[in-house]
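Colleague: Using the sequences and the accompanying hints, generate a full structural model.
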Amino acid sequence: MKLRRSMLFVPGDNAAMLSTSFIYKPDSIMFDLEDAVSPREKDSARLLVFQALQHPVYRDIETVVRINSLSTEFGRKDLEAAIRGGANVVRLPKTESPEAIRELDTHVTRIEIACGRPVGDTKLMAAIESASGVVNAVAIATASPRMIAIAMAGFDYLVDMHTRRSDDWQPELFYARAAVLHAARAAHIDAFDVVYGNVNDDEGFMREVKIAKQLGFNGKSLIHPKQVYLLHRAYAPTQDEVDHARRVIAAAEEALRNGLGVVSLDGKMIDPPVLKEAEMTLQLAEAA
Amino acid sequence: MKIVKEAIAGTLESSDLLVKVAPSDTREIVIKSEVFKQFGKQIARVVEETLDQLSVKAGSVVIEDKGALDCVIRARVQAATLRGSGSEDLDWRRLS
Amino acid sequence: MNAAGDFYDFHSVRPHEAPHEIEDVERLLAANNLELDSQIEIFVVCRQQGTVVACAGLDHCTIKCVAVAEHLRGEALSLRLGSEVVSLAAERGQFHLFLYSPPHNQSLFRGWGFYPLVEVPRQIVLMENSTVAIQRYCDRLREQRRPGATIGGIVLNANPFTLGHRYLVEQAATACDWIHLFLVREDASSISYADRFALVAAGVKDIDNLTLHQGSDYIISRATFPGYFLKDKALVDHSWAAIDLLLFREYIAPALGITHRYVGTEPFDLVTNSYNSEMRHWLQQPASPAPPIKVVEVPRVSIHGTPVSATEVRRLLAHRNFKAIEELVPATTMKFLEQDYPQIVQGA
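Residue numbers (the working numbering), protein chains in the order written: chain W, 1 to 288; chain U, 1 to 96; chain R, 1 to 348.
Don't take each hint at face value.
Claimed, not checked - Lysine-lysine pairs mimicking BS3-like chemistry, simulated, CA-CA at most 25 Å apart:
hint	chain 1	residue 1	chain 2	residue 2
1	W	K77	U	K2
2	R	K205	R	K64
3	W	K42	U	K5
4	W	K2	W	K210
5	R	K335	R	K323
6	W	K268	W	K25
7	U	K5	U	K32
8	W	K213	W	K276
9	W	K226	W	K213
10	W	K25	W	K210
11	W	K42	U	K2
12	R	K64	U	K32
13	W	K94	W	K42
14	U	K5	W	K77
15	W	K2	W	K276
If you're looking for bench data, these hints aren't it; they were derived computationally from the structure.
Modeller: Below is the structure:
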């Protein structure tokens, strides 16, 4: 299973960050052609991302390109650059409806055929940034077999909801987080929590990471390299959890060797979901 | 591809480069780099290749390099050339 | 955002549209011992948490008033500022850029891709964003080189070409083997460059040991001599007149083999008058490693006791006193002023 805890945003026109962001070892790197790039620099950033995607250092890391909306003059060109450059995933911002994903899917297929990439190779994810996006989350999450994740984006959503971000347990985001997460889980895809904008406030960031982790998000979108380390540390299981997971796996392996259909540990039955959780714990521990 | 007007692309920041193109009867390339001693030839080769791919036969190309990777050099040379050619249509096969 | 998480907000500001912003800019400039230059059309301003921490001004193709708050003087912000101002200039159609720097800041602007052209020791350096532009310009000039021991150079604005200019050129042409005549290209005068050029060309047509050259950014231009175009203030920044003269001495004169610079005495025009005295210092004295150039001042010709000058012609033109003008200008200029100039004025 592909681990997706950290998706690091890299402004598409920032040569230095494009050249170095892999060293922070995020699970995914998102080259941004949308909000981080001024209209004046869209053309140049698109080429920069197209070239960076082909660099060997990005061969072993999941690459995501956030394109401009297809209704803008930039969207389709961004898509060409992303797919032809070899991006693993295209992230569509401000997704309101499943139709937007289906339209995107059609263009992706067309470009894959044109450039000789296997059809279906390019994955999609949608960022949900409005009330209607939240309401349509299930339909969006299942709109294309290419979908691998949905991401909650907080800023525009809270404006849409006539409220603003608070500091504690963030009731203003509760419904949206829960809705997006449920949609993702029902569709068997991943879910990313909102970005935390104040890069100088590590405590505030960690508070949010705790909420996201407790709710069940795979991870968060990140806007600063140092958040990668903090997030990975927060998602790392404790030693007790790791020890327990190891024993669960060992018991399962032993049951398999002995040809037993039922796995038990310390006299208690181990259900398949417990086994799955133990595997995830070990994967997280290994990646931490 | 023909350079019909002056254009720039890139920045002067570290790991980037600024590319300036202008119409000219011949193809002239001037490279200034902080790492010219070690990488001057390599930079020149990347610039030449990129221009060849775009079939730029004439034009003045002036580069102020700040230690950019080859992929950044390619991207900025392409961006400046496309801006200077005034063309909107990209042939992606010529860019990779 | 940089790796330290500092958010720099860059935007452009036109001084006359945002007087409050400019007050903030002036404060930063003052902290850097700089004054706001009234010629600046647009500023790149960088704020960090609301405070102006960096700025750079653009006057046509010249970058001026560059300042960075002391606590942020590392490489990163300065290079970002340089990129922003160079991009802004490109958006405004300016690609060949000049920059004035105190000599000790040269290395900073090397990082912006600017290279020194001439330096007034301990005062100021003129830099341009090319290593080859001045050489290419000099190469083109060298093609116009003429043989001879005495080669004269004249620079005229000729707004418009008068009998005074004609007299100066005649004197030089008699004394020299060849004359190189340059016309100021900047369109800051009431008569356009194209018209001024045509009038000079017509007025010197019969002088056969003369080459009339187009003006350039390197010869009395807004970039090399901004003070020249601020005549109503009657102020010439000395070091900036020096910059223009050093460019002539170190690049233009050697390319053409110019040995003498001819100039008319200027009774009315304070700027030109002060320029002439600067000329004696910066062209003749050992102020530069380049060979000295002899300055020849030709007294202004007088008609009926009045020295002939373009300033006087423009004054008479404002009163439509064509009878008086006729005595001061050649027939070609007269014809233009009577027939074409009124339409130009009405059309403007």
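Colleague: Could you run down the list of hints and mark each one as holding or not?
Modeller: Cross-check of the supplied hints:
1. For the hint pairing K77 of chain W with K2 of chain U, the CA-to-CA distance comes to about 21 Å; that is within 25 Å, so the pair holds.
2. A C-alpha spacing of about 40 Å is found between K205 of chain R and K64 of chain R, which places the hinted pair above 25 Å, so the restraint is violated.
3. For a cut-off of 25 Å, the pair hint linking K42 of chain W to K5 of chain U stands: about 19 Å separates their Cα positions.
4. Simply put, K2 of chain W and K210 of chain W have alpha-carbon atoms about 21 Å apart, close enough for the 25 Å limit, and the pair holds.
5. For the proposed pair K335 of chain R and K323 of chain R, the alpha carbon gap of about 12 Å is at most 25 Å, so the pair holds.
6. Taken as a hint, the K268 of chain W and K25 of chain W pair is broken in the structure, with Cα atoms around 39 Å apart against an allowance of 25 Å.
7. A threshold of 25 Å between alpha carbons decides the hint, and for K5 of chain U with K32 of chain U the separation of about 22 Å falls inside it, so the pair holds.
8. A threshold of 25 Å between alpha carbons decides the hint, and for K213 of chain W with K276 of chain W the separation of about 17 Å falls inside it, so the pair holds.
9. Restraint check for K226 of chain W and K213 of chain W: satisfied, since their Cα atoms lie roughly 18 Å apart, inside the 25 Å limit.
10. With a C-alpha separation of about 21 Å, the suggested pairing of K25 of chain W with K210 of chain W holds against the 25 Å cut-off.
11. For the suggested pair K42 of chain W and K2 of chain U, the alpha carbons sit about 22 Å apart, so the restraint of at most 25 Å is met.
12. Of the pairs offered as hints, the one joining K64 of chain R and K32 of chain U holds, with about 23 Å between alpha carbons and a cut-off of 25 Å not exceeded.
13. A threshold of 25 Å between alpha carbons decides the hint, and for K94 of chain W with K42 of chain W the separation of about 18 Å falls inside it, so the pair holds.
14. At most 25 Å may separate the alpha-carbon atoms for a hinted pair to count; K5 of chain U and K77 of chain W meet this at roughly 23 Å.
15. For the given pair, K2 of chain W sits about 14 Å from K276 of chain W by alpha-carbon distance, which is consistent with the 25 Å threshold.
Hint check: violations occur at hints 2, 6; the rest are consistent with the structure.
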